[in-house]
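Enquirer: The residues making up each chain are set out below.
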Amino acid sequence: MTGRHMQGLRAAITGGTSGLGLALVNELLRRGARVAFVARNREAVEQASRGRPGVHGIVGDISRKEEIHPIAIQVLAALDGLDVLVNNASSLGPVPLVPLADTDCEDLDLALATNVLGPFRLTKALLGSLAAAARDGRHPLVVNVSSDAATNPYPKWGAYGASKAALHHLSRIWDAELTDEGIRVLSIDPGDMDTALHALAVPDADRSTLKRPEIAARDLADVIAASLRAGTARDGATVQEVLR
Amino acid sequence: MIPAGVPVQRTAGARLLVVDANGAVTDHARARFPDLVRMGDVVVANDAATLPASLFGCHMPTGAAVEVRLAGRESLSLESVRRFVAVVFGAGDFRTPTEHRPHPPVLQPGDALQLGPLRANIVRVLAHPRLIEVGFLGSVPEIWEGLARHGRPIQYAYLSDPLAIWNTWTRIGSQPVAFEPPSAGFLLDWTVIQSIRSRGARFATLTHAAGISSTGDPDLDRLLPFDEPYYIPSSAAKLIEAGGHRGRVIAIGTTVVRALEHAARPDGSVRAGEGTATQRLGPLTRLRVVDAIVSGMHERGTSHYELLRAFQDDEALDRMNRVADAHGYRGHEFGDSVFLARRDARARSPQYAA
Numbered sequence: 001m002t003g004r005h006m007q008g009l010r011a012a013i014t015g016g017t018s019g020l021g022l023a024l025v026n027e028l029l030r031r032g033a034r035v036a037f038v039a040r041n042r043e044a045v046e047q048a049s050r051g052r053p054g055v056h057g058i059v060g061d062i063s064r065k066e067e068i069h070p071i072a073i074q075v076l077a078a079l080d081g082l083d084v085l086v087n088n089a090s091s092l093g094p095v096p097l098v099p100l101a102d103t104d105c106e107d108l109d110l111a112l113a114t115n116v117l118g119p120f121r122l123t124k125a126l127l128g129s130l131a132a133a134a135r136d137g138r139h140p141l142v143v144n145v146s147s148d149a150a151t152n153p154y155p156k157w158g159a160y161g162a163s164k165a166a167l168h169h170l171s172r173i174w175d176a177e178l179t180d181e182g183i184r185v186l187s188i189d190p191g192d193m194d195t196a197l198h199a200l201a202v203p204d205a206d207r208s209t210l211k212r213p214e215i216a217a218r219d220l221a222d223v224i225a226a227s228l229r230a231g232t233a234r235d236g237a238t239v240q241e242v243l244r
Numbered sequence: 001m002i003p004a005g006v007p008v009q010r011t012a013g014a015r016l017l018v019v020d021a022n023g024a025v026t027d028h029a030r031a032r033f034p035d036l037v038r039m040g041d042v043v044v045a046n047d048a049a050t051l052p053a054s055l056f057g058c059h060m061p062t063g064a065a066v067e068v069r070l071a072g073r074e075s076l077s078l079e080s081v082r083r084f085v086a087v088v089f090g091a092g093d094f095r096t097p098t099e100h101r102p103h104p105p106v107l108q109p110g111d112a113l114q115l116g117p118l119r120a121n122i123v124r125v126l127a128h129p130r131l132i133e134v135g136f137l138g139s140v141p142e143i144w145e146g147l148a149r150h151g152r153p154i155q156y157a158y159l160s161d162p163l164a165i166w167n168t169w170t171r172i173g174s175q176p177v178a179f180e181p182p183s184a185g186f187l188l189d190w191t192v193i194q195s196i197r198s199r200g201a202r203f204a205t206l207t208h209a210a211g212i213s214s215t216g217d218p219d220l221d222r223l224l225p226f227d228e229p230y231y232i233p234s235s236a237a238k239l240i241e242a243g244g245h246r247g248r249v250i251a252i253g254t255t256v257v258r259a260l261e262h263a264a265r266p267d268g269s270v271r272a273g274e275g276t277a278t279q280r281l282g283p284l285t286r287l288r289v290v291d292a293i294v295s296g297m298h299e300r301g302t303s304h305y306e307l308l309r310a311f312q313d314d315e316a317l318d319r320m321n322r323v324a325d326a327h328g329y330r331g332h333e334f335g336d337s338v339f340l341a342r343r344d345a346r347a348r349s350p351q352y353a354a
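Those protein sequences? They're chains P and R, same order as listed.
Taking the numbering used here, the leading residue of the first sequence gets 1, the next gets one more, and so forth.
Taking the numbering used here, the leading residue of the second sequence gets 1, the next gets one more, and so forth.
No lab work stands behind these hints, which were simulated from the structure alone.
Since this is a predicted model, take the numbers as computed values, not measurements.
Beta carbons: idealized from backbone N, C-alpha and C, even for Gly.
A few of these clues could be false.
[Claimed, not checked] Here are some chain R residues the structure puts well away from chain P; computed CB gaps all over 10 angstroms:
no., residue
1, T26
2, A112
3, R197
[Stated by the list, open to error] Quick list of simulated restraints, FRET-style, between CB atoms:
no., chain 1, residue 1, chain 2, residue 2, range
4, P, A176, R, V140, 34 to 40 angstroms
5, P, A199, R, G90, 54 to 60 angstroms
6, P, A176, R, R286, 16 to 22 angstroms
7, P, Q47, R, S80, 26 to 32 angstroms
8, P, R4, R, P61, 49 to 55 angstroms
9, P, D109, R, H28, 40 to 46 angstroms
10, R, E274, P, G8, 14 to 20 angstroms
11, P, Q7, R, R280, 41 to 47 angstroms
12, R, P61, P, A44, 35 to 41 angstroms
13, P, G8, R, V140, 15 to 21 angstroms
14, R, P266, P, N41, 43 to 49 angstroms
If we strip away everything but chain R, and leave its shape as in the complex, we get (with noise of 0.2 angstroms):
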């Protein structure tokens, strides 16, 4: 697939692929993703904002250059803001593909790491040589001017330019605890959220620190995701008890998907308040909360990819993926969408039936 290689939040041609119910694909503008809303529906997005969690310095005990990408945290209080699990990069920037990245020296613990302004250093090396957790010194309120002033957006190569912060945030963005940009969000703005609400549908946030999508070494990205802390406020988890009686919920964004699912009770209610998320998503994956999914274009293989069979066999993935490339779809943050209704069972074909 076709990467969309400018940081553009909703271009005007942008596409939504929907795969109803019964599996039946269909080609649509994303701007229309409103007439998909029905009454009684509850629309979840994730409003985390993005953190700029890229962080460039030195590796102090070699003096080689690092690039140090945050990429987990343990809770989404402020004070945890002092340890973060992180993958370390050699020499170089986003321009470089990821997999073609130099290596950082030996990682060990105790090296001292200088990161801009910040001071840090590394307290653990974790299940894989570039993955540890580091430490930063200082005050609370010095770490976070730190991360703030000095932290660039992680970015991948196929954008050619350097990202802008504000590229990153998506319009409801609030709490800025994304690792990378919750970008199914990206399709919101104040004007569809305006849309979803004149159609008698309901609209509510959680809050859910989007991980890193890919590392660039396949060791590193069977790790993916990490453990992702979030939150549901109860207006939210109100809310999405109410819906669930009356139409489907519909989940802006895999995070939405972990996030429900990890708090779901058995009656497909959500217990409200904090906590992390570390199941893993795929095919044998039975929903309890959702009932539809909006998403990225994702590639066979990722992690986001199986959380999308939860939603449908991968017949109607198949097709899926082949109507999209029939149509020119483009893939990552910037590129169109998918409107995955789950499965309905009644609908299935006799040999899938229970």
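So that you can see chain P by itself, here it is in the shape it has in the complex (with noise of 0.2 angstroms):
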């Protein structure tokens, strides 16, 4: 799918200045967005939104619950409204990754903080934005970055693996609530990809293997075109699903 179709289209994602983020950013900017994004660190920050006109970046943690509506003020300033908001940011919990056992409880706070609590809050936010999108007939959506951790039990991923579920299982039943407000809430796995985080979780992983977060954009840029014409992208499918 080629071309700006998604001129007008109005997108914020959060952890947007590396790996699935920053590459989501590229390629709605590409397909035409006008694109917000949210990090932690201001240098890096500046340096995402130098080169790419139009783009606003955000500098916010969207871990801590006094920066969400500060976060969602300047999205919604940046924006002029909302149309698609991606929860992107991610915490591993413990680096390296160690069994449930060996994991502090602050790391699992902080998985919870960012994968769940951080989503939930954030759109919870700007759900104001989005139900007045829907109303004006601009089929509005979250996607909510998911992981087969979500659903597989892998030794090591606990804190991940767990906070994913909660994120995943959140998603579902949103969408489900919000079908009457015309949002759509999908969580969605790209995959295992050639991230910062990925070499974080698995330094020894054979990068070959690994999905490009390029490709991985480009696929999930497909899903919320796809969410956009109709709203008839299902929830809780890997992005193969819902393009198949």
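Combine the two chains into a complex, taking the hints into account.
Expert: This is the structure we're talking about:
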């Protein structure tokens, strides 16, 4: 799928300075969307904003409750509303990965704050805007980036897997509840990608077997485009399933 | 009236006083609000989210501590964030009632203000020595970041603890353009909105930059409400036009009434798009669009109370106030609510008939 068919689309992406998030910023920009992204590190945000006209970088940490509304305000001010929210920012929990029995409570806390509470709070703060977009006939959606660790019990992926499982289930329930408002909530597993996060988790992985984030971003953008067209995408599906 | 002193938007015990089209007053649990909505009605709410519009900082020429409360802006456009109408207070915060707050130093055009990370200056002094046009320096994104991170919600002394910003956002809050919460909307949550729809009514929103409700200074308060920009989506205008023939238009809050009546055409339809509400509504106003209002409890003499007089005569409002007092209704934005139907001309007693 090519061309600038996302002209006028207002999209916000968390964790937008590296990996899948940055690739998705590029992909949505390429398709003509207006894009705001959020990340913690000011220098990285400024660097990612440079040379990408039309993109709006916001400094903020979605794992911190008191930063959610400042982030939401800046997203809405940058885009004048919102059609697509991609909750992509993720925490692995303990790095290097360790079994649950060796996982510090604080590391589980951080994984839950980043992967569950953050997306919940930010989505809730932006729900009014998404509902307003729906009343205008714009088929808004929330994409929560999931993982096969949400469904498979991989040893050492306890904090991450449990938090992604919670996010996955939250997405499915929210999607069912928001049908009447005209808002879709999708949980999508982009597959194992060659990203900084993956390198932290599996330092000795054979990178040639990993998906490039640009490819995953293109697939994800196709899912977004499909949902925007008719609200047809199913929740809880992998990219491949949605596009099949 | 006792103020509600705890920032809970939907307290389990909240009450709703209903004044019907005949002026009859009845007391209800506010949770029963959807029961008042009928098939064919259109419920219209203000979906403005609340800007943290209270900015603490320093008046640079004197070094004095000041609080600048943003209170108005020319349009809802994102660029217009450079200029605001603002009310300036001296040292202290919301814990001191506004009428007892020390005055700021004498304010002059050109004076620099440092408000946290925000650099600003006084563009003009307006119709009162504490009422200014403030201009922010820097890029538009820098100004939004400064407001978002440094601003605090405007609040008053009847609340003992600092408000968190999430206390001030209604469930439906979207564009952050209100200076104080459009608090009538606190009674809405997504479950209530679903109940409204399940009764065959429609739900619509507009966005109206609700201004400040009080300054503590009688001369300044007489200038309220300031001009307020609003935006009515064409989807809402269409629902209102269709609904006006089949049911009632129920406005959630005074700001919705102000916007809809400002955008009203003589035939009861409304113009979609942007506008700036400049009018005052009161007993002489002939309502063209809105059939009923849901609002908070307001003190006599305030501009909000004057607006209620467009819906019902003073006799009915007196009755409403007596019942509210008898039932211990709570005032202010986290308090109880009223539902006022527009007095039905046909139901009026002969001496009021046209």
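Enquirer: It remains to establish, for every hint, whether it holds in the given structure.
Expert: Against the structure, the hints:
1. T26: 30 angstroms, holds
2. A112: At roughly 24 angstroms from the nearest Cβ of chain P, A112/R sits farther out than 10 angstroms, so the non-interface label holds.
3. R197: Since the minimum Cβ distance to chain P is about 7 angstroms, R197/R lies within 10 angstroms and the statement is violated.
4. A176/P to V140/R: 34 to 40 angstroms: Roughly 39 angstroms apart at Cβ, these two residues keep to the hinted range, so it holds.
5. A199/P to G90/R: 54 to 60 angstroms: 55 angstroms, holds
6. A176/P to R286/R: 16 to 22 angstroms: Violated, at about 46 angstroms.
7. Q47/P to S80/R: 26 to 32 angstroms: About 30 angstroms separates the Cβ atoms of Q47/P and S80/R, which means 26 to 32 angstroms holds.
8. R4/P to P61/R: 49 to 55 angstroms: This hint holds: roughly 51 angstroms between Cβ atoms.
9. D109/P to H28/R: 40 to 46 angstroms: At 43 angstroms between Cβs, range holds.
10. E274/R to G8/P: 14 to 20 angstroms: 18 angstroms, holds
11. Q7/P to R280/R: 41 to 47 angstroms: Check passed, 42 angstroms falls within 41 to 47 angstroms.
12. P61/R to A44/P: 35 to 41 angstroms: 39 angstroms, holds
13. G8/P to V140/R: 15 to 21 angstroms: Cβ of G8/P to Cβ of V140/R: about 20 angstroms, so the range 15 to 21 angstroms holds.
14. P266/R to N41/P: 43 to 49 angstroms: 57 angstroms, violated
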